[in-house]
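Asks: Protein chains in written order, with our numbering: chain A, 118 to 271; chain B, 231 to 386.
Accuracy of the hints is not assured; some may be wrong.
What the hints assert, rightly or not - To be clear about the criterion: a stretch of chain A counts as covered by chain B if any three or more of its residues have a C-beta under 8 Å from a C-beta of chain B, and this derived list gives those stretches:
id, segment
1, 135–141
2, 213–219
Said to hold, decoys possible - Which residues of chain A face chain B? A few of them, derived with a C-beta cut under 7 Å, are:
id, residue
3, Met127
4, Ser131
5, Val156
6, Glu160
7, Leu167
Rather than coming from a laboratory, the hints here were simulated on the basis of the structure.
From a predicted model like this one, the values you see are computed outputs, not experimental measurements.
Glycine residues also receive a C-beta, built at the ideal position from the N, C-alpha and C atoms.
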Amino acid sequence: MPDELYDHDMLAWSEHQSSLLRRVARGERVNEVDWPHVVEEIEDVGISELNAVRSLLSQAIVHLLKIRGWPDSLARVHWQIEIGTFRSDARRRFAPSMRQRIDLPALYGDAQAQFDQVEIDGRPPQPWPAECPFSLDELLTSDRPALEAMLAPP
Amino acid sequence: MPDDLYDRDILACSEHQSALLRRVARDERLNDVDWDHVVEEIEDVGLSELNSVRSYLRQMLVHLLKLYGWADSTACDHRRLELDGFQTDASQRFVPSMRQRIDVTELYRRACKQLVARRMDNRLPRPFPDHCPFTLDDLLEGDLQELEARLTAACA
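Just need the whole structure built from these sequences, with the hints factored in.
Replies: What follows is the structure, encoded as structure tokens:
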């Protein structure tokens with residue numbers, strides 16, 4: 118039964134289902150397609166990309182906050198390089214329909230919360246804005262010094 | 231065109247296609263399902279699992295060979311911990327149909343190749359056994375100390 122196979126042997130399930138779907142695509146009537154799981158997997162393709170982009174953006178924010186919070190840290194250059202990687206991965210994987218599904222203020226809030234009671238080099242962070250100071254487009258495409266400046270005190 | 235959407239916006243594509251498939255599943259006749267990509271993604275579900283199991287097994291072999299090749303390294307304890315983690319991941323994700331698709335000898339060959347010219351603690355490794363002394367089941371379920379000992383025995 119395909120349904121059971123999905124839980125017990127994902128590889129066998131995926132090989133079996135893709136060969137059935139090839140026949141459906143050719144216009145054959147096939148009864149054993151495991152539609153619920155096929156649909157779930159196709160939905161998952163998009164959702165996992167969306168989650169990946171969210172996670173990259175949130176990592177970028179966390180590292181921007183580190184730079185703002187501990188401007189004199191020796192790790193500064195390392196953080197800057199990481200921000201570059203996170204942002205270029207996010208740009209590459211970003212798709213237009215993700216826009217309305219990414220809640221940047223919420224990501225910013227979660228990133229701030231990660232630093233609750235955290236000290237680096239034995240020091241608490243310098244303060245940063247309570248509200249997210251940049252837009253999604255800015256986070257994706259502005260240059261890094263501009264983003265750093267948006268987090269700095271007025 | 232769905233085909234184009236797949237490259238431009240994977241999320242929109244996946245939402246659109248899954249909605250269409252729900253209708254196909256209800257037995258509607260539809261023309262605009264992007265079957266090529268649907269089939270490819272369904273194949274991928276299995277292949278990516280297979281690749282991750284292969285990769286855990288290869289990491290296990292790399293760590294076993296490091297433990298053998300640089301037996302007095304200070305990193306040994308750390309490597310044993312990692313080895314244990316890779317074995318857990320490999321055995322958790324292994325499924326029966328992967329058996330005939332995983333070539334342990336080839337994974338072993340690649341692991342040896344990756345390490346043979348490597349210097350760690352400023353030393354090259356002890357020479358590795360020519361033939362892989364492990365079966366797939368050894369890697370998935372074997373006692374790790376016993377697996378380490380087997381590399382030594384294979385060279386004796």
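Asks: None of the hints should be skipped; say for each whether it holds.
Replies: Right, here's what the structure says about each hint:
Restraint check on the segment 135–141 of chain A versus chain B: 4 residues with Cβ-Cβ distances below 8 Å, three needed, restraint holds. A stretch counts as covered by a chain when three or more of its residues have a beta carbon under 8 Å from one of that chain; for the segment 213–219 of chain A and chain B the count is 4, and the coverage holds. Satisfaction of the interface hint for A/Met127 is found here, the shortest Cβ-Cβ separation to chain B being roughly 5 Å, below the 7 Å cut-off. Annotation: interface hint on A/Ser131 holds; nearest CB of chain B at approximately 3 Å, less than 7 Å.
At about 5 Å, the closest approach between the beta carbon of A/Val156 and any beta carbon in chain B falls short of 7 Å, and the interface hint on this residue holds. With 7 Å as the threshold, the beta carbon of A/Glu160 comes within range of chain B, its nearest partner Cβ sitting at about 4 Å, so the hint holds. Checking A/Leu167 against chain B by beta carbon gives a least distance of about 5 Å; that is within 7 Å, so the hint holds.
Consistency note: the structure conflicts with none of the earlier hints.
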